[in-house]
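A.B. asks: Sequence:
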Amino acid sequence: MQLLAFLSMLVLGGCAGGGGTAGPSTAGGGTAPPAVYQADVLSVAAQASGLDLTVSVRAGQDDCAGDVVVDVQPAADRVYVTLSYESTDTGAGCGDVEQRQVYVETGDLAGKQIVLNGNTWGADGAGGFVECSPPFGCDPRPADRCDAAWIEYLFTTVEVAPDRSYEVQACDGAWLVLDIDSVPDGCAPPAGESTPAGCAGAASSVRWFAAFVDEQAGWDVVASGVEGGCAPVAGVPAFPNELCASLPPL
Numbered sequence: 001m002q003l004l005a006f007l008s009m010l011v012l013g014g015c016a017g018g019g020g021t022a023g024p025s026t027a028g029g030g031t032a033p034p035a036v037y038q039a040d041v042l043s044v045a046a047q048a049s050g051l052d053l054t055v056s057v058r059a060g061q062d063d064c065a066g067d068v069v070v071d072v073q074p075a076a077d078r079v080y081v082t083l084s085y086e087s088t089d090t091g092a093g094c095g096d097v098e099q100r101q102v103y104v105e106t107g108d109l110a111g112k113q114i115v116l117n118g119n120t121w122g123a124d125g126a127g128g129f130v131e132c133s134p135p136f137g138c139d140p141r142p143a144d145r146c147d148a149a150w151i152e153y154l155f156t157t158v159e160v161a162p163d164r165s166y167e168v169q170a171c172d173g174a175w176l177v178l179d180i181d182s183v184p185d186g187c188a189p190p191a192g193e194s195t196p197a198g199c200a201g202a203a204s205s206v207r208w209f210a211a212f213v214d215e216q217a218g219w220d221v222v223a224s225g226v227e228g229g230c231a232p233v234a235g236v237p238a239f240p241n242e243l244c245a246s247l248p249p250l
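Going by the numbering used here, the first residue of the sequence shown is number 1, and it counts up by one from there.
It is possible that part of the hints are untrue.
Listed next, with one range per pair, are the computed distances between beta-carbon atoms [unchecked claim]:
| # | residue 1 | residue 2 | range |
| --- | --- | --- | --- |
| 1 | Ala211 | Gly60 | 33 to 39 Å |
| 2 | Gly111 | Ala143 | 20 to 26 Å |
| 3 | Glu98 | Arg141 | 33 to 39 Å |
| 4 | Ser165 | Leu42 | 43 to 49 Å |
| 5 | Ser204 | Gly60 | 56 to 62 Å |
| 6 | Ala45 | Asp214 | 27 to 33 Å |
Below, a list of computed lysine to aspartate or glutamate pairs in the EDC-like style, where the Cα atoms sit at most 20 Å apart [said to hold, decoys possible]:
| # | residue 1 | residue 2 |
| --- | --- | --- |
| 7 | Lys112 | Asp71 |
| 8 | Lys112 | Asp139 |
| 9 | Lys112 | Asp124 |
| 10 | Lys112 | Asp63 |
| 11 | Lys112 | Asp96 |
| 12 | Lys112 | Asp52 |
Just so you know, these hints were derived from the structure itself, not from any lab. Just so it is clear, CB atoms sit at the ideal spot from N, CA and C, and this is done for glycine as well.
Can you make the complete structure from the sequences, with help from the hints?
C.D. replies: Below, the structure is given as structure tokens:
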């Protein structure tokens with residue numbers, strides 16, 4: 001479980017001002033102020049005007065976890081919820097966890113997502129919520145792995161110039177061949193205008209060969225080059241020859 005900022009509550013958009021601060025220690029010692037922890041969310045079920053949450057907290061001693069404190073901040077298309085608790089025992093005796101049920105009054109959630117301790121959850125269509133995960137968050141994953149959305153996600157996982165274009169040369173759902181044309185930042189001319197000074201010849205082209213890893217990771221570049229045919233991907237024996245044999249050089 002993640003230890004929250006000492007004696008301050010997690011708030012939206014940054015750190016809250018005016019949170020409590022610990023007083024100076026005295027020569028005679030004294031009781032340390034409690035630490036604040038997040039309550040980890042395990043499951044979410046929707047009710048008429050709120051949420052039934054199952055959370056986990058530290059356990060093992062009487063003072064490992066106080067009552068779970070809920071802070072709700074509604075927004076236009078989502079509801080932000082922070083769940084935390086205080087612990088006056090931060091030692092090794094709190095190595096266990098226990099589950100608790102927490103009801104959160106949120107108002108109407110139709111068409112909204114919920115953000116619980118910074119993690120987004122979306123409706124699962126069966127009266128509950130599921131935690132959204134990469135690469136598409138709460139949006140449904142395209143069934144077609146050759147869909148442009150999967151390919152655009154690939155560009156978020158590798159370093160490539162923002163001013164770029166691409167063309168899919170081949171894709172069978174497991175393997176992908178992609179030609180990338182890119183230019184450095186600021187070198188893409190506005191429509192109908194000439195290339196900015198100093199950018200002549202700055203464009204580059206490369207061919208990517210990628211494998212689909214899984215529904216979380218998406219595509220992964222396994223080879224690249226500019227030669228024709230399958231030469232750039234010769235080091236990946238599993239790559240299908242029929243997807244690259246007839247490709248011209250760049």
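A.B. asks: Now look at each hint and say whether the structure bears it out.
C.D. replies: Status of the hints after comparison with the structure:
1. Between Ala211 and Gly60 the beta carbon distance is about 45 Å. The supplied range of 33 to 39 Å is therefore violated.
2. At about 24 Å, the CB distance of Gly111 to Ala143 agrees with the hint of 20 to 26 Å.
3. In this structure, Glu98 and Arg141 meet the distance hint of 33 to 39 Å, their C-beta atoms being roughly 34 Å apart.
4. A hinted range of 43 to 49 Å holds for the C-beta pair Ser165 and Leu42, which are about 44 Å apart.
5. Between Ser204 and Gly60 the beta carbon distance is about 58 Å. The supplied range of 56 to 62 Å therefore holds.
6. Taking 27 to 33 Å as the suggested C-beta distance range, the pair Ala45 and Asp214 conforms, at roughly 28 Å.
7. As the CA atoms of Lys112 and Asp71 are separated by approximately 17 Å, the hinted pair is consistent with the 20 Å bound.
8. Among the hinted pairs, Lys112 with Asp139 is consistent with the structure: their alpha-carbon atoms are about 12 Å apart, no more than 20 Å.
9. A distance of roughly 12 Å separates the Cα atoms of Lys112 and Asp124; the hinted pair therefore holds under the 20 Å criterion.
10. Simply put, Lys112 and Asp63 have alpha-carbon atoms about 36 Å apart, too far for the 20 Å limit, and the pair is violated.
11. With a C-alpha separation of about 34 Å, the suggested pairing of Lys112 with Asp96 is violated against the 20 Å cut-off.
12. Of the pairs offered as hints, the one joining Lys112 and Asp52 holds, with about 16 Å between alpha carbons and a cut-off of 20 Å not exceeded.
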